[in-house]
Amino acid sequence: MGRTNIVLDDRLIQQAMKISGARTKRETVDIALRELIDRRSVYEALRRLRGK
Numbered sequence: 001m002g003r004t005n006i007v008l009d010d011r012l013i014q015q016a017m018k019i020s021g022a023r024t025k026r027e028t029v030d031i032a033l034r035e036l037i038d039r040r041s042v043y044e045a046l047r048r049l050r051g052k
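Quick note: the working numbering has the sequence shown finishing at residue 52, numbered continuously throughout.
Since the hints were made in silico from the structure, they are not lab data.
Ideal placement from N, C-alpha and C gives every residue a C-beta, glycine not left out.
Please note that a few of the clues may not be correct.
Quick list of simulated restraints, FRET-style, between CB atoms [to be verified]:
| hint | residue 1 | residue 2 | range |
| --- | --- | --- | --- |
| 1 | Met1 | Arg23 | 12 to 20 Å |
| 2 | Arg11 | Arg48 | 30 to 38 Å |
| 3 | Lys18 | Arg50 | 31 to 39 Å |
| 4 | Arg47 | Arg11 | 26 to 34 Å |
| 5 | Arg50 | Lys25 | 36 to 44 Å |
Derived pair list, reagent style SDA-like, types lysine to any residue, alpha-carbon separation capped at 25 Å [to be verified]:
| hint | residue 1 | residue 2 |
| --- | --- | --- |
| 6 | Lys18 | Glu35 |
| 7 | Lys25 | Asp38 |
| 8 | Lys18 | Asp38 |
| 9 | Lys25 | Leu12 |
| 10 | Lys25 | Arg3 |
| 11 | Lys25 | Glu35 |
Hey, can you work out the whole structure from these sequences and the hints?
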């Protein structure tokens with residue numbers, strides 16, 4: 001696992017932590033990345049089913 005420093009919008013991270021139930025900023029970012037990947041995977045699968 002790599003280490004990366006990023007600047008986060010404090011308001012967004014607090015909202016995301018509240019919604020996700022995450023306890024840390026790292027956990028919040030991890031949840032958000034996994035959610036993005038899951039959503040994109042579903043979107044791409046649906047596109048393939050539609051034939052586009």
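Hints, one by one, checked against the model:
1. Met1 <-> Arg23: 12 to 20 Å: holds (18 Å)
2. Arg11 <-> Arg48: 30 to 38 Å: holds (37 Å)
3. Lys18 <-> Arg50: 31 to 39 Å: holds (35 Å)
4. Arg47 <-> Arg11: 26 to 34 Å: holds (33 Å)
5. Arg50 <-> Lys25: 36 to 44 Å: This hint holds: roughly 37 Å between Cβ atoms.
6. Lys18 <-> Glu35: Given that 25 Å is the threshold and the Cα spacing comes to 15 Å, the pair holds.
7. Lys25 <-> Asp38: holds (20 Å)
8. Lys18 <-> Asp38: Roughly 20 Å between the alpha carbons, so the hint for Lys18 and Asp38 holds.
9. Lys25 <-> Leu12: Holds, at roughly 11 Å.
10. Lys25 <-> Arg3: holds (14 Å)
11. Lys25 <-> Glu35: holds (15 Å)
The earlier numbered hints are all upheld by this structure, with none contradicted.
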